[in-house]
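Participant: So the sequence lines, in the order shown, correspond to chains A and B. Residue 93 in my numbering sits at position 33 of the first sequence; the count goes up by one each step and never skips. Residue 1328 in my numbering sits at position 17 of the second sequence; the count goes up by one each step and never skips.
Don't take every hint at face value.
Stated by the list, open to error - Keeping only pairs whose Cα atoms sit at most 30 Å apart, straight-line, the calculated DSSO-like set for lysine-lysine is:
#1 Lys1422(B) / Lys1386(B)
#2 Lys1386(B) / Lys101(A)
#3 Lys101(A) / Lys1375(B)
#4 Lys1490(B) / Lys1569(B)
#5 Lys1313(B) / Lys1422(B)
#6 Lys1386(B) / Lys1375(B)
#7 Lys101(A) / Lys1667(B)
#8 Lys1490(B) / Lys1378(B)
#9 Lys1375(B) / Lys1667(B)
Said to hold, decoys possible - Listed next, the stretches of chain A that the computed footprint assigns to chain B, with coverage defined by at least 3 CB atoms under 8 Å from CB atoms of chain B:
#10 101 to 114
#11 122 to 130
#12 140 to 154
#13 161 to 169
For the record, the hints were derived by calculation from the structure and aren't laboratory data. For each residue, glycine too, the CB sits at the ideal point set by N, CA and C.
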Amino acid sequence: MICHRAGGARHGVAGNETAHMGRGRAMREEVGRRAVVERGKLIEFVVDGEVLPAYVGETIAGALTAAGRRVFRHSEKTGSPRGVFCGIGICFDCLVAVEGLGRVRSCMVEVRPGMRVSLEGRGVAASEDDRATD
Amino acid sequence: MKTTVRRTEIAVLGAGPAGIAAALAASEAGAAVTVVDEYPRAGGQIYRQPPEAFRVLRPGRLGKEYKAAQRLSRKLAESSVELLTGTLVWGVDQDRTLFLYDERGASVELKAHAIVVASGAYDRPIAFPGWTLPGIWSAGGAQAMLKSQRIVPGHRVLVAGAGPLLLPVATALVEAGAKVLGVVEATTRWEWARQTHRMLGHRNRISDFLYYEMRLLHARVPRFFGHAVVRADGTDGVAQATIAAIDRQWQVTPGTEKRFDVDLVCIGYGFLSCMELPRLLQCELYFHPQQEQYLPRHNADMETSVPGVFVAGETTGIGGAELALAEGEIAGLAAARLVGHALGAERQRAMAAAQKLRRHQLGFARVLDALFAPQPGIYRLAQPDTPLCRCEEVTVAEIQDAVRRGGRSVRAVKAATRVGMGPCQGRICGNLVAHLVARETGRPVSEVMDLSPRPPVKPVPLAVLAGLAAEGSSEAARTAT
Chain A
61 MICHRAGGAR HGVAGNETAH MGRGRAMREE VGRRAVVERG KLIEFVVDGE VLPAYVGETI
121 AGALTAAGRR VFRHSEKTGS PRGVFCGIGI CFDCLVAVEG LGRVRSCMVE VRPGMRVSLE
181 GRGVAASEDD RATD
Chain B
1312 MKTTVRRTEI AVLGAGPAGI AAALAASEAG AAVTVVDEYP RAGGQIYRQP PEAFRVLRPG
1372 RLGKEYKAAQ RLSRKLAESS VELLTGTLVW GVDQDRTLFL YDERGASVEL KAHAIVVASG
1432 AYDRPIAFPG WTLPGIWSAG GAQAMLKSQR IVPGHRVLVA GAGPLLLPVA TALVEAGAKV
1492 LGVVEATTRW EWARQTHRML GHRNRISDFL YYEMRLLHAR VPRFFGHAVV RADGTDGVAQ
1552 ATIAAIDRQW QVTPGTEKRF DVDLVCIGYG FLSCMELPRL LQCELYFHPQ QEQYLPRHNA
1612 DMETSVPGVF VAGETTGIGG AELALAEGEI AGLAAARLVG HALGAERQRA MAAAQKLRRH
1672 QLGFARVLDA LFAPQPGIYR LAQPDTPLCR CEEVTVAEIQ DAVRRGGRSV RAVKAATRVG
1732 MGPCQGRICG NLVAHLVARE TGRPVSEVMD LSPRPPVKPV PLAVLAGLAA EGSSEAARTA
1792 T
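Between the sequences and the hints, there should be enough to build the whole structure, so can you do that?
Facilitator: Here it is as structure tokens:
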């Protein structure tokens, strides 16, 4: 599956990116003359050591989805796979760990160049991971 | 962590259609207004825009909501309204002090003379076997991903549920290049036909509806009426989904199952209003039987039982963007008047016009309520081993067990099972658990539904709470820590 994206040509990176997208099920929208938007600048971020492409303005969930990732973590009690569910910041299923930010809803936080994301909450300092709910 | 204390005349919570309309109306009437929203950009869900880093090349493809969103956000930018985006309201005090936490880590106490709550809604969750699998998305979430991120979350898709959202979501998926294998709608065409006469005064809505119908017909998208998605299967994400015919009580008809190979299922059974803030503000609530939720009581000026606290948009019940705009304008003008800005003749006329428009739009909302109200069979899709609470992974059987051991309300079951105690605070499972407890105890849903939020309504770093507690300033912080 070749993944299409708007504005890729302008930033001159379409080829580079396709390699990253090999496992992709999902995709960025149609390119070329029919593109609806021109994406922000192409950047890279790191997910558990793997470098993935993203465009400025995309959320972490968006960039992961565009990279064909569906499983963001496994639940604590039964180990069931979880990913995006509500997509609008209500359900907290899409939690990922981000260096410097702790556990965040990936659908709410925009990806930044060089951002280090860890699925399953691995490798994030415990002090940043403490969040109160009740 | 340092907390800054700030003051404003009117705090508007939520920058969707209702919040923006309220802020503009209040500001034009002379009030100092601060709008707070959790997202990086104003717009809310229906007026959600692509991120600022994206350049829109073909606005026509983004739909009429995009045009409306742009018009409103331009007016907002040109106004004197202060807009705090990326900012979470995690608590409120009775003296109208709001506790804010922003994405840069700053903690603010905002003191307001009046508050307009316009915090929107989210897709009503319905549990079925496999509903926690990655690739099962809320219809609203899929729409947000398409609309603002321009990312298509799957290639082979079922769009299922009940209500008017399914059509634009399916259309957007088709336009973005996904294969929509079916739109699965719980109600029947016959039930739709019987409401036609009540829709005649709402020409805009009918033309939207016909547009989506034509697009789906043209793309040869199969339509399944009187059907529901009854289960999803897969190991590391959804791979198959099963639909089945349902009767008028939305009870599955055995032997009618059909299976589809899919990588995305979008589920939308209408919406639930975000009620954390009206509850924290101790607004008096009433139970809306068709929408199956508690909503704040309010008068014709949209003021709640708590003086100085107004509500607008989906916070007052599910009704759509047009209704939200009218309610926002009413609430904004009334709030401005309350804090001392007399409304001239022109604004009084605007208020009367908005109230008239509100009544008209409410008529349409009532039609949708009547047509798409969830029927009890849909709450029986979950099996004994299906988790209802996704955060704490509490299953139907565990909740039934807690009821047998004497839990007669959601609160009692929560204490026994931890249901609703995870980070979502029961926003996802609350209604599902209420329906199960009601069924098991024979009590009405309205009586068992007593899950109430406590601050922080969404998780915030402990340091934010610790900072407040150290200053010893607030009841909310003491409750929270």
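Participant: Does each hint fit the structure? Answer for all of them.
Facilitator: Cross-check of the supplied hints:
1. Lys1422(B) / Lys1386(B): holds (25 Å)
2. Lys1386(B) / Lys101(A): At roughly 28 Å apart (the allowed maximum being 30 Å), lysine 101(A) and lysine 1386(B) satisfy the hint.
3. Lys101(A) / Lys1375(B): It holds: about 27 Å lies between the C-alpha atoms, which stays within 30 Å.
4. Lys1490(B) / Lys1569(B): holds (17 Å)
5. Lys1313(B) / Lys1422(B): Cα-Cα ~16 Å, so holds.
6. Lys1386(B) / Lys1375(B): Holds, at roughly 17 Å.
7. Lys101(A) / Lys1667(B): Between lysine 101(A) and lysine 1667(B) the Cα gap is close to 47 Å, so the pair fails against 30 Å, i.e. violated.
8. Lys1490(B) / Lys1378(B): holds (27 Å)
9. Lys1375(B) / Lys1667(B): holds (23 Å)
10. 101 to 114: violated (count 1)
11. 122 to 130: Held - the region 122 to 130 of chain A has 4 residues with a Cβ nearer than 8 Å to chain B, which meets the minimum of three.
12. 140 to 154: holds (count 14)
13. 161 to 169: As far as the region 161 to 169 of chain A goes, the hint holds, because 4 residues have Cβ atoms under 8 Å from chain B.
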